[in-house]
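There are 2 protein chains.
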Amino acid sequence: MPGQDKPFGIAIVGCGTVGGSAATLLVRDSRLLMERTGLKLELRHIVDVDFANARRLGLPENIFRRKLDEALRDEQTGVVVELIGGLGAAMETIERAIQAGKCVVTANKALLAQHGAELFAQARKREVSVGFEASCAGGIPIIRALTDGLIANRIDAIYGIVNGTCNFILTEMTQHGKTYADALAEAQKAGFAEADPTLDVSGGDSAHKLAILAGLAFAGRIDLDSIHVEGIDRLQSCDITFGQELGYIIKLLAIAQRQSDGLSLRVRPAFISKEHPLAWVSGPFNAVSVYGHATGHTMYYGRGAGGMPTASAVVADLVSVALGSQQSAFRHLRLWPDVAPPATQLPIGMVRSRYYIRTICQDKPGTFAQLATILAKHQISISSLLQHEPREDIQNSQQCGFKGVPVVITTYRSVESSVRQALAEIDKLDSISGPSVCIGIVDEHEENF
Amino acid sequence: MPGQDKPFGIAIVGCGTVGGSAATLLVRDSRLLMERTGLKLELRHIVDVDFANARRLGLPENIFRRKLDEALRDEQTGVVVELIGGLGAAMETIERAIQAGKCVVTANKALLAQHGAELFAQARKREVSVGFEASCAGGIPIIRALTDGLIANRIDAIYGIVNGTCNFILTEMTQHGKTYADALAEAQKAGFAEADPTLDVSGGDSAHKLAILAGLAFAGRIDLDSIHVEGIDRLQSCDITFGQELGYIIKLLAIAQRQSDGLSLRVRPAFISKEHPLAWVSGPFNAVSVYGHATGHTMYYGRGAGGMPTASAVVADLVSVALGSQQSAFRHLRLWPDVAPPATQLPIGMVRSRYYIRTICQDKPGTFAQLATILAKHQISISSLLQHEPREDIQNSQQCGFKGVPVVITTYRSVESSVRQALAEIDKLDSISGPSVCIGIVDEHEENF
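Line order of the protein sequences matches chains A and B.
So in our numbering, spot 380 of the first sequence is number 380, and the numbers just go up one at a time.
So in our numbering, spot 381 of the second sequence is number 830, and the numbers just go up one at a time.
Among the clues, some could well be false.
Short, incomplete list of chain B residues facing chain A, as computed with Cβ under 10 Å [as the list claims (entries may be wrong)]: (1) Gly534; (2) Gln563; (3) His564; (4) Lys852; (5) Val856.
Pair by pair, the computed Cβ-Cβ distance ranges are [to be verified]: (6) B/Gln693 x A/Glu95: 27 to 33 Å; (7) B/Asn511 x A/Gly283: 34 to 40 Å; (8) B/Glu484 x A/Pro60: 45 to 51 Å; (9) B/Glu484 x A/Met34: 37 to 43 Å; (10) B/Leu481 x A/Arg331: 16 to 22 Å; (11) B/Ala501 x A/Ile382: 46 to 52 Å; (12) B/Met799 x A/Gln76: 43 to 49 Å; (13) A/Arg420 x B/Leu834: 39 to 45 Å; (14) A/Lys377 x B/Glu510: 53 to 59 Å.
Below, a list of computed lysine-lysine pairs in the DSS-like style, where the Cα atoms sit at most 27 Å apart [to be verified]: (15) B/Lys813 x B/Lys852; (16) A/Lys428 x A/Lys403; (17) A/Lys274 x B/Lys627; (18) A/Lys6 x A/Lys178; (19) A/Lys40 x B/Lys852; (20) B/Lys852 x A/Lys274; (21) B/Lys516 x A/Lys125; (22) A/Lys189 x A/Lys178; (23) A/Lys67 x A/Lys6; (24) B/Lys852 x A/Lys6; (25) B/Lys516 x B/Lys455; (26) B/Lys638 x A/Lys125; (27) A/Lys274 x A/Lys178; (28) B/Lys516 x B/Lys627; (29) A/Lys178 x B/Lys723; (30) A/Lys274 x A/Lys364; (31) B/Lys627 x B/Lys638.
Derived by calculation from the structure, the hints in this document are not laboratory data.
Note that beta-carbon positions come from the ideal geometry of N, C-alpha and C, so glycine has one too.
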């Protein structure tokens, strides 16, 4: 009978922001959890080398451990929660937990994106499971949406805003006209960006999450290194402004799309229509749009980071392990990277998309004709065009980094390699200043009911 | 081993829009489902009295049955899917399935909102489960969010747009300035409203869904009849327009809020800030915002009706039953109406909210002073005020149903019973024409991290 079950023992390894919050939920809110789940979740070990945070949170000192061994030897502990982060120690912790026959729960997107298949295979051999709801999009139950709620769907596309730092910066740039540098400083001040923001702003963190989400969605093993990744650090304010004039909002999107010839996976700044729900996602929030052949468009929105939101996902996984449902899903479903076949990942040149192209032209006769001729040669059709009356102040302000007249073109659906070739030719024209800018436009995915 | 399991037999009862789509997913997409789940889901019975739709869909005639008995006797059928709708026959089908020891999956919100506790108790006695993801918000996995992904949270509030018909009508009124009658006709033409739209536009359908969602979220048994319900059929265009001027969008919201003294459950048109993600949900789409003490705000968005989106939810439940996770959750969790204690539901007068009040004043000296005096007497503070310069055309056009000058007031947080008393007094003033309009304003729920 519920409530009379024996306690379900838990070890948390790494008591930082997320570990501390997960421990707090388990200890402070144990009665709430018991009332809601009928399960007695018992935190029996907090493993770390430094307990300053654990003490600050008032967690019980009698469960502080400096080594993992005690937790692994404890027969009443069924699950080890890895919240160290990074690769080395985290990988070792998970491998040792699996070898000891413990189920694993982790928030480690970098590790799973790179070594998921290997770790899952080890877990399968030992008949334990790996839960990782907390690895993507913090408190949003997006892993469950893909592995459970949407299981009946062939997933055709995912568009995700999965990095709160980048979304905060882009929101500041879009809504308040800030430069990238000012917006980054603002994000750091607000605690939404690290002192070294490289992993976030480069798109690397988003790529980790995309590898995990796309693997589950398409039931294919994803090669992280084959994901095309561009960051937001080279975006210029003028392009954000021009995009808005055309009805688009810039977002760092993690995109996975099924094309007839394979999967296109990419992380990069992209324009999305103001009408699309993702365009409304502002500040540090995350959201993931998923297109299924039966559901059509569904979207999941919430806080993508932070101790408590991420801890909510960790504890959800613990409950699933205690109920046995995580193990059952891990055993039967064919979505996991160790049992799924390798995905066919298309090189970026094979992406078919619409594009925003911005060049800086010298205001001379014939420049636009040259430009249009090159595009036509590469089978690229112009969908819209934006060129303002020349204004001294804009031309001289170097707002796009170069003196001249910015000309903005949006294209119809084209093959990316053709667009790149055309741009290389355009940039060689005497009448063009500096490298042209090219940003993908993500249209609402087609639904076929 | 996955894939070598014996087939999991399914009976679908009622082969209409949703039943036909669910059967299509199981039959047409059986290979996709097998590849994704590792399970062999076998549709063994389609029970109905009329097979026109089933034949049109090309479903296999050898599994058409006119009576339920054959499915119930079949030992290889583990689950009965009730998609008849309504109360009588649906209730009987579910009860008979439970008695025969079958798990049940249903999309029947009306039945669950009224007889959920009773049916769940019967299922518990027979050690089978009842899955109902398809009962709320179609293809959006919102039941799973509440019972699984957000299980670690004390839920503090739910705001839901859970009726696509109403949202379509309100979107037409808001974005295209249509009257209610014209927007309804448009919805009927587009297939988003029934010929008799009463259950939808009255708010009754939303109340059914709110009863189910709130029951799970707050782990309390909800009394459907105690939910305060108002529909959209009396909304006037002028109030939608005034609201927009003040930065608000009108939505039919299903609201469940934890107050210190109990739960407030209500369905009615409400103003929500243009900044809130729910304000962006347009056309027939649904969305549910859930506020958890750990996650903060999460939102779930998608198609709330239609054959295939709803069938996606049905099949997700079937997979959960085949994996055993539905049964485990049903057995252990304490969220279900037969094991949860009765919720303390507050009468509508005890709601604390902000309000939009619109009166039609005769343009005489002293009218506003009278109005303000009455509000002050009832401890209602004015947050903003909107009164345009009198314009002949507006005064004579009776745009709000009466001749006069519309005065719009928004209040600070007030107790609803006080607002109602104040309005009753205001409406008795000689200088006020016709009944005042009062619409709740839903603010972004506070998050406490």
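message: Does B/Lys638 sit within 27 Å of B/Lys627, going by the straight-line distance between their CA atoms?
response: 15 Å, holds
message: Is 53 to 59 Å respected by the C-beta to C-beta distance linking A/Lys377 and B/Glu510?
response: 57 Å, holds
query: Cβ-Cβ distance between B/Ala501 and A/Ile382: within 46 to 52 Å?
result: 50 Å, holds
task: Compare the distance between the alpha carbons of B/Lys516 and B/Lys455 with 27 Å, and conclude whether the hinted pair is satisfied.
output: Distance ~26 Å between B/Lys516 and B/Lys455 Cα, so the pair holds.
message: A/Lys189 and A/Lys178 were given as a pair; does the straight-line alpha-carbon distance stay at or below 27 Å?
response: 15 Å, holds
- prompt: Taking the least C-beta to C-beta distance, is B/Lys852 closer than 10 Å to chain A?
  reply: With Cβ-Cβ at 39 Å, over 10 Å, it is violated.
task: Take the C-alpha atoms of A/Lys428 and A/Lys403, compute the straight-line distance between them, and say whether it is at most 27 Å.
output: Within the cut-off at roughly 16 Å; holds.
message: Range first: 27 to 33 Å. Now tell me if the beta carbons of B/Gln693 and A/Glu95 are that far apart.
response: At 58 Å between Cβs, range violated.
task: Mind checking the alpha carbons of B/Lys516 and B/Lys627 for me, to see if they're no more than 27 Å apart?
output: With a Cα-Cα distance of about 47 Å, the restraint between B/Lys516 and B/Lys627 is violated, given a limit of 27 Å.
message: With the threshold set at 27 Å, check whether the alpha-carbon distance from B/Lys638 to A/Lys125 stays at or below it.
response: Distance of about 57 Å is beyond 27 Å: violated.
query: Does B/Lys516 pair with A/Lys125 here, judged by a C-alpha cut-off of 27 Å?
result: 46 Å, violated
- request: Mind checking the alpha carbons of A/Lys274 and A/Lys178 for me, to see if they're no more than 27 Å apart?
  value: 20 Å, holds
Comparing the model with each earlier hint shows violations of hints 1, 2, 3, 4, 5, 6, 7, 13, 18, 19, 20, 21, 24, 26, 28 and 30; every other hint is respected.
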